[in-house]
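Protein chains: 6
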Amino acid sequence: MTQKTAIYPGSFDPVTNGHLDIIDRGSKIFDRLIVTVLENPRKNAVFSTKERLDMLKLILEDYTNVEVDYYQGLLVDYAEQKKAQVIIKGLRAISDFEYEFQMAMINHKLNPSVETMFMMTNSKFSYLSSSIVKEVASYGGCIQGLVPDSLYDLILSKFQADIKCDTIL
Amino acid sequence: MTQKTAIYPGSFDPVTNGHLDIIDRGSKIFDRLIVTVLENPRKNAVFSTKERLDMLKLILEDYTNVEVDYYQGLLVDYAEQKKAQVIIKGLRAISDFEYEFQMAMINHKLNPSVETMFMMTNSKFSYLSSSIVKEVASYGGCIQGLVPDSLYDLILSKFQADIKCDTIL
Amino acid sequence: MTQKTAIYPGSFDPVTNGHLDIIDRGSKIFDRLIVTVLENPRKNAVFSTKERLDMLKLILEDYTNVEVDYYQGLLVDYAEQKKAQVIIKGLRAISDFEYEFQMAMINHKLNPSVETMFMMTNSKFSYLSSSIVKEVASYGGCIQGLVPDSLYDLILSKFQADIKCDTIL
Amino acid sequence: MTQKTAIYPGSFDPVTNGHLDIIDRGSKIFDRLIVTVLENPRKNAVFSTKERLDMLKLILEDYTNVEVDYYQGLLVDYAEQKKAQVIIKGLRAISDFEYEFQMAMINHKLNPSVETMFMMTNSKFSYLSSSIVKEVASYGGCIQGLVPDSLYDLILSKFQADIKCDTIL
Amino acid sequence: MTQKTAIYPGSFDPVTNGHLDIIDRGSKIFDRLIVTVLENPRKNAVFSTKERLDMLKLILEDYTNVEVDYYQGLLVDYAEQKKAQVIIKGLRAISDFEYEFQMAMINHKLNPSVETMFMMTNSKFSYLSSSIVKEVASYGGCIQGLVPDSLYDLILSKFQADIKCDTIL
Amino acid sequence: MTQKTAIYPGSFDPVTNGHLDIIDRGSKIFDRLIVTVLENPRKNAVFSTKERLDMLKLILEDYTNVEVDYYQGLLVDYAEQKKAQVIIKGLRAISDFEYEFQMAMINHKLNPSVETMFMMTNSKFSYLSSSIVKEVASYGGCIQGLVPDSLYDLILSKFQADIKCDTIL
Numbered sequence: 001m002t003q004k005t006a007i008y009p010g011s012f013d014p015v016t017n018g019h020l021d022i023i024d025r026g027s028k029i030f031d032r033l034i035v036t037v038l039e040n041p042r043k044n045a046v047f048s049t050k051e052r053l054d055m056l057k058l059i060l061e062d063y064t065n066v067e068v069d070y071y072q073g074l075l076v077d078y079a080e081q082k083k084a085q086v087i088i089k090g091l092r093a094i095s096d097f098e099y100e101f102q103m104a105m106i107n108h109k110l111n112p113s114v115e116t117m118f119m120m121t122n123s124k125f126s127y128l129s130s131s132i133v134k135e136v137a138s139y140g141g142c143i144q145g146l147v148p149d150s151l152y153d154l155i156l157s158k159f160q161a162d163i164k165c166d167t168i169l
Numbered sequence: 001m002t003q004k005t006a007i008y009p010g011s012f013d014p015v016t017n018g019h020l021d022i023i024d025r026g027s028k029i030f031d032r033l034i035v036t037v038l039e040n041p042r043k044n045a046v047f048s049t050k051e052r053l054d055m056l057k058l059i060l061e062d063y064t065n066v067e068v069d070y071y072q073g074l075l076v077d078y079a080e081q082k083k084a085q086v087i088i089k090g091l092r093a094i095s096d097f098e099y100e101f102q103m104a105m106i107n108h109k110l111n112p113s114v115e116t117m118f119m120m121t122n123s124k125f126s127y128l129s130s131s132i133v134k135e136v137a138s139y140g141g142c143i144q145g146l147v148p149d150s151l152y153d154l155i156l157s158k159f160q161a162d163i164k165c166d167t168i169l
Numbered sequence: 001m002t003q004k005t006a007i008y009p010g011s012f013d014p015v016t017n018g019h020l021d022i023i024d025r026g027s028k029i030f031d032r033l034i035v036t037v038l039e040n041p042r043k044n045a046v047f048s049t050k051e052r053l054d055m056l057k058l059i060l061e062d063y064t065n066v067e068v069d070y071y072q073g074l075l076v077d078y079a080e081q082k083k084a085q086v087i088i089k090g091l092r093a094i095s096d097f098e099y100e101f102q103m104a105m106i107n108h109k110l111n112p113s114v115e116t117m118f119m120m121t122n123s124k125f126s127y128l129s130s131s132i133v134k135e136v137a138s139y140g141g142c143i144q145g146l147v148p149d150s151l152y153d154l155i156l157s158k159f160q161a162d163i164k165c166d167t168i169l
Numbered sequence: 001m002t003q004k005t006a007i008y009p010g011s012f013d014p015v016t017n018g019h020l021d022i023i024d025r026g027s028k029i030f031d032r033l034i035v036t037v038l039e040n041p042r043k044n045a046v047f048s049t050k051e052r053l054d055m056l057k058l059i060l061e062d063y064t065n066v067e068v069d070y071y072q073g074l075l076v077d078y079a080e081q082k083k084a085q086v087i088i089k090g091l092r093a094i095s096d097f098e099y100e101f102q103m104a105m106i107n108h109k110l111n112p113s114v115e116t117m118f119m120m121t122n123s124k125f126s127y128l129s130s131s132i133v134k135e136v137a138s139y140g141g142c143i144q145g146l147v148p149d150s151l152y153d154l155i156l157s158k159f160q161a162d163i164k165c166d167t168i169l
Numbered sequence: 001m002t003q004k005t006a007i008y009p010g011s012f013d014p015v016t017n018g019h020l021d022i023i024d025r026g027s028k029i030f031d032r033l034i035v036t037v038l039e040n041p042r043k044n045a046v047f048s049t050k051e052r053l054d055m056l057k058l059i060l061e062d063y064t065n066v067e068v069d070y071y072q073g074l075l076v077d078y079a080e081q082k083k084a085q086v087i088i089k090g091l092r093a094i095s096d097f098e099y100e101f102q103m104a105m106i107n108h109k110l111n112p113s114v115e116t117m118f119m120m121t122n123s124k125f126s127y128l129s130s131s132i133v134k135e136v137a138s139y140g141g142c143i144q145g146l147v148p149d150s151l152y153d154l155i156l157s158k159f160q161a162d163i164k165c166d167t168i169l
Numbered sequence: 001m002t003q004k005t006a007i008y009p010g011s012f013d014p015v016t017n018g019h020l021d022i023i024d025r026g027s028k029i030f031d032r033l034i035v036t037v038l039e040n041p042r043k044n045a046v047f048s049t050k051e052r053l054d055m056l057k058l059i060l061e062d063y064t065n066v067e068v069d070y071y072q073g074l075l076v077d078y079a080e081q082k083k084a085q086v087i088i089k090g091l092r093a094i095s096d097f098e099y100e101f102q103m104a105m106i107n108h109k110l111n112p113s114v115e116t117m118f119m120m121t122n123s124k125f126s127y128l129s130s131s132i133v134k135e136v137a138s139y140g141g142c143i144q145g146l147v148p149d150s151l152y153d154l155i156l157s158k159f160q161a162d163i164k165c166d167t168i169l
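Respectively, the protein sequence lines represent chains A, B, C, D, E and F. Okay, so the first sequence: first residue is 1 according to the numbering used here, each after it adds one. Okay, so the second sequence: first residue is 1 according to the numbering used here, each after it adds one. Okay, so the third sequence: first residue is 1 according to the numbering used here, each after it adds one. Okay, so the fourth sequence: first residue is 1 according to the numbering used here, each after it adds one. Okay, so the fifth sequence: first residue is 1 according to the numbering used here, each after it adds one. Okay, so the sixth sequence: first residue is 1 according to the numbering used here, each after it adds one.
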C-alpha cells in the first residue's frame, strides 16, 4: 500500500460549513489531505491569503492527516510537486457542475496521472457558497450555521455590519 | 494507513470501454477495488449475471488489486459488508447526473460512513453507454472502439446481426 | 378579497416527508388547499387510490384548510371545477424540472386562467421521491425520516421486508 | 455546388406543429429534405407507419423539395444510402438535449461523413411533443394549435374522446 | 381569510414584457402585489432607480392591487417589514434556474416564514431579459415586442441609436 | 439550387482546435462559409482583431469556400448583408447551451429569415475554450493539442511564460 494523498483546492473566501463538510469526509478516505488556498491574481478576494490560511488552520487543528497550504499556478503542477494522486472537488446539487467538469478534463489532459474526484456536498449545504456568505453578511444578515462557529466573529469583522441573529438557525 | 477499499457497482450489460477506463483509473487510487455486478430483478438484462462476471474477469485479469463480484440488495449494505469506504461512480459530461446525485444522497442517508465519489468519464467516451452499445449492435452497426476488443465476439454473438466494420473506428 | 384556492396534485405512491413539507408550507399561503391524488390508468401504483387517500387524511387531519381528493382526467379541468386559481408543484433542486415546466406550459395553454406555481422542496428532502422510498423499502432498508412516522408501518407492510433501522436517521 | 440533402428523422406519432415548424425552416436551408418516419420495433406507436406517412404527405404536399419516407435500422446507414450530408434534429429549450447529443456523438463515430445539425424549436412550441398531444387527447382536451389543422380529425379519431374546444387556442 | 401579500423583486433595468406578464398573472393570485426595484450598489444599472420606478408606475397604473416600491438590503427583511408571505420569481425555461433556487434556499434559511414561489415565464418570452434588451438596443436593433409599447421611446432614448423597425415584430 | 451561405461567428481569442473542427465540418455542408470575428467593445480581448484575423487566415488558407471577416453590430444585420441563410454555432456537451439558445431565439425574432444551426463539438474537444487556453498559457502550461500547431508560437508569445511541454499531448 502506497500513501494516498489528495488535494482539496479552493478560494475559501471565506471558509464555509460546506467546505468543512467536504474536508471532514475527505480526510477519512485519503491518508493525507492537503487543503490548498488557490491564489488567483485576477480575482479580488475579500480575505487575504493569510486570513484564509488562518481560518483553515483554526478549524482544522484537530485533523491529524490534514495540512493547510497555498499555491499560485497550474493545479496539476502543484499536485505533482506534492505527490498527490487526487484532486477533490465538492459538487453542490445546485452547482457550477459544468465548470468543474471542464476544469477536470483540462487537468486530465495536462497531467493524466492526477485524478479529479467529486464528492457531493451534503444536501443541507446545497445552497451555500462563499459568495452567498459575503452577500448575506454585507447586508447584516445572520451567518450562523453558514460558517464554522469559531470563524463567526472573524468573518463578520470584515463587513462593519450590525449583527442580526434573532434565532439560532 | 488503513487499507482503502472502493466499490465500482454497475449493470455492465455489457461492459464498455467507458467502464474499463473508470476501473483502470480507480484501481490506481484505491488499495483494493471491487467491481460489482448489481442484479436488478426489475430490469431485463440482455446478458446473464454469469456472462457479465465472465466479461469483467476476462478484461481485468491483469489488475492485481481488482476483484469481481455481484450483489442484489441495498448498495450501502454491501459496502458495509465488504468494509468499503467508498463507492465510485463514473459521470459522463452527458449523463444521468441528477439520478446519480439522488442515489448518492439517499445512500449517504442510509449509511453516512460510506462515501460516493464521482470520477469524470474520459471525454472520448462521453457518448458511450451499455444501452448505446446494444442499440448499435441490434442494427448490425460496428461496435469496435465501444467495447474492449477481447469482448467483441462475445457481445456480438447475442445479436445475430451481420458484423459491419468497414473501418477500424 | 376573494378566496384563493390551490391544488397540490400528485401520485403520492406513497406520501413522503417531501410532500408533507410542501403541503404544510402551501397551506399557509392559500386560503384553501386541495391535495389531489391523480389516478393514472397507465401507471401501476403500488398503493391503491384508497390507501393513498387514507395516508393523506391521516397526516393532514389537523390542517383545517386542507382537503383531500382524487381525480382522473385533465388537471386544468379539475382546477376549473374546483374554482382553483393555482396548481402547486414542488421542485427538487434535483428534479424533473423540465418535465414540470412542460406540463405547466401545456396546462397554461389549455386553460390560461389556472396558474402553476412552483415551491422549492426543502433542501434536506432534495433526494427524496416516492420511487426512492419504494426502492429502499423493497430491499429492507430503513425508511424512517423519509416518510411521516405515522405512515411508517402502513408503507412497510406492502413490502414484506424485514425492517432494518439500527439508528434513527 | 453539390446538392445538399438533409434528413429529418422522427417518430411523428403524431405529427405536431413543432415538427412542421422545423420542416418548414429546414426546407429553406437544404436543397432536398427527406422527412423519415423511424420505425422502432421496441416502441408501441399509437399511429401505424402508414398513418404517420399519410399525415406527413398531407401537410407537406406543397413543399416541392421535401420527400416523405420511412426506415428501420441505423440512421447513419440510411443517410449514406440517401446520399444525405446532414441529419436535422429539433431541440426544444425544454428538451431531451443530452439524449440528442449522445445520439449525435455515436452517429458521428459510426459515420463521420454525416453531420447532425440542431435547430432550435420555435419558443411558442417549446412545451410541445407527440407525447403531450396524446396525453391531452386521451383526456378529451383540446389539441387545436398543437397539431396542424388538417390533421385534427384524424388524430382525434384515435382517442374516442369527446372533443372539447371552447375557445380557439 | 387573511390578506395575502406577495413581493415581485427585480432589477427592472429596464422593464420587459416578460416582467409585465409575471406581474399581470401574479396580481390575480395574491390580494396585494408589491413590485420592488432592488437597488444593488455593486451593479451598474443603465436606468436610475427613479427611471425604473417611473417605468413600472406607468405600465401598472391600472392595476388596483399592485404597488411599486424600491429597496436596498436583504430581501427577507423587506418582506417581513411589508408583512408579505410570498416572494414571486419568474423562471424562464431558459433561465438562471440554479441561481434562483440558491437564493430561495438561503432566503428560506434566513426567514422560514417567507416563501419563494416560482412562476413560469410565458414561453413566448423565454428568450427575453433586460440584458438582451440592452444588447439589442445598443446596436440599434428593434425592441418592439420586447418591452411594453408605452416604454419604447423612453428606453431607446438611453441608447442614442437609430431606431430600426422595418416590421412590427 | 441557390447558393447556401453560412456564417460562423466568434471571438476567436484565440482560435482553438475546437473552432477549427467546426469550421472544417461546416465547410463541407455549406457552399460558402464566412468565419467572422465579432468585435465586442465591452470585452477586453487578449488578441487584437488583426491578430485574430491573421490566425484564421493562416489556418484556413487551404479551404477554398471559406472566407474570413470581422464585424461589429447585430449579427442578424450582418447575416442579411452577406446574404447568409444560416448562422452556425458549436455546442460543447459542456457548454453555455442556454446562452446560445437565448441568442438564437432573439436573433430569430429580430430576423426570422436567418436560421441558427448548432453543431456538436467533437467530444475530444468538449473541455476546450479560448478561456481555458488563455488560463493554461498564463501559467506556462502546455497548450499543444489545444490550438492548431501553426498558431502555437504566436499564441504563446502573448504570455511571456516559459513553454513547458514534456510530452506531446
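A couple of the hints might just be wrong.
Copies of one chain are not kept apart here, so a pair can be met inside one copy or by any two copies together.
Unchecked claim - No farther apart than 20 Å at their CA atoms in a straight line, the calculated lysine to any residue pairs in the SDA-like style are these: (1) Lys82 with Phe159; (2) Lys57 with Pro112; (3) Lys28 with Glu98; (4) Lys4 with Leu151; (5) Lys57 with Ser113; (6) Lys134 with Glu98; (7) Lys4 with Tyr99; (8) Lys134 with His108; (9) Lys28 with Gly73; (10) Lys83 with Pro112; (11) Lys83 with Leu154; (12) Lys134 with Thr49; (13) Lys124 with Met103; (14) Lys109 with Met1; (15) Lys134 with Val66; (16) Lys50 with Cys165; (17) Lys57 with Ile132; (18) Lys134 with Met1; (19) Lys83 with Glu61; (20) Lys82 with Lys124; (21) Lys109 with Asn44; (22) Lys158 with Gln85; (23) Lys158 with Thr49; (24) Lys109 with Asn17; (25) Lys57 with Ser157; (26) Lys4 with Thr64; (27) Lys134 with Asn40; (28) Lys109 with Ile132; (29) Lys50 with Met103.
Rather than coming from a laboratory, the hints here were simulated on the basis of the structure.
Using 20 Å as the alpha carbon limit, work out where Lys83 and Pro112 are close: within a copy, between copies, both or neither. within (13 Å within a copy, 29 Å between copies)
Classify it for me, Lys4 with Thr64: is the Cα-Cα distance of at most 20 Å met within a copy, between copies, both or neither? For Lys4 and Thr64, the Cα distance is within 20 Å both inside one copy (15 Å) and across copies (18 Å).
As a check of your reading, is Lys57 near Ser113 (CA-CA no more than 20 Å) within one copy, between copies, both or neither? neither (29 Å within a copy, 25 Å between copies)
Copy assignment of Lys158 with Thr49, given that the CA separation must stay at most 20 Å: within (14 Å within a copy, 28 Å between copies)
How would you classify Lys109 and Asn17 at a CA-CA limit of 20 Å: within, between, both, or neither? between (32 Å within a copy, 14 Å between copies)
First find the shortest C-alpha distance between Lys109 and Met1 inside one copy, then the shortest across copies, and answer within, between, both or neither for a cut-off of 20 Å. neither (27 Å within a copy, 30 Å between copies)
For the identical chains here, do Lys57 and Ile132 meet the 20 Å Cα criterion within one copy, between copies, both, or neither? neither (22 Å within a copy, 32 Å between copies)
Treating 20 Å as the Cα threshold, decide for Lys28 and Gly73: within, between, both or neither. neither (28 Å within a copy, 25 Å between copies)
For the identical chains here, do Lys82 and Lys124 meet the 20 Å Cα criterion within one copy, between copies, both, or neither? Answer is neither: 32 Å inside a copy and 29 Å across each miss the 20 Å cutoff.
Indicate which option fits the pair Lys109, Asn44 if close means a Cα-Cα distance not exceeding 20 Å: within, between, both or neither. neither (28 Å within a copy, 28 Å between copies)
Within, between, both or neither: Lys50, Cys165 at alpha-carbon 20 Å: neither (28 Å within a copy, 33 Å between copies)
When no copy is named, should Lys124 and Met103 be tagged within, between, both, or neither for a Cα gap of at most 20 Å? So Lys124 and Met103 pass the 20 Å test across copies only (14 Å; inside, 25 Å).
Taken one by one, the earlier hints fail for this structure at numbers 1, 2, 3, 4, 5, 7, 9, 11, 14, 15, 16, 17, 18, 19, 20, 21, 22 and 29, listed in ascending order.
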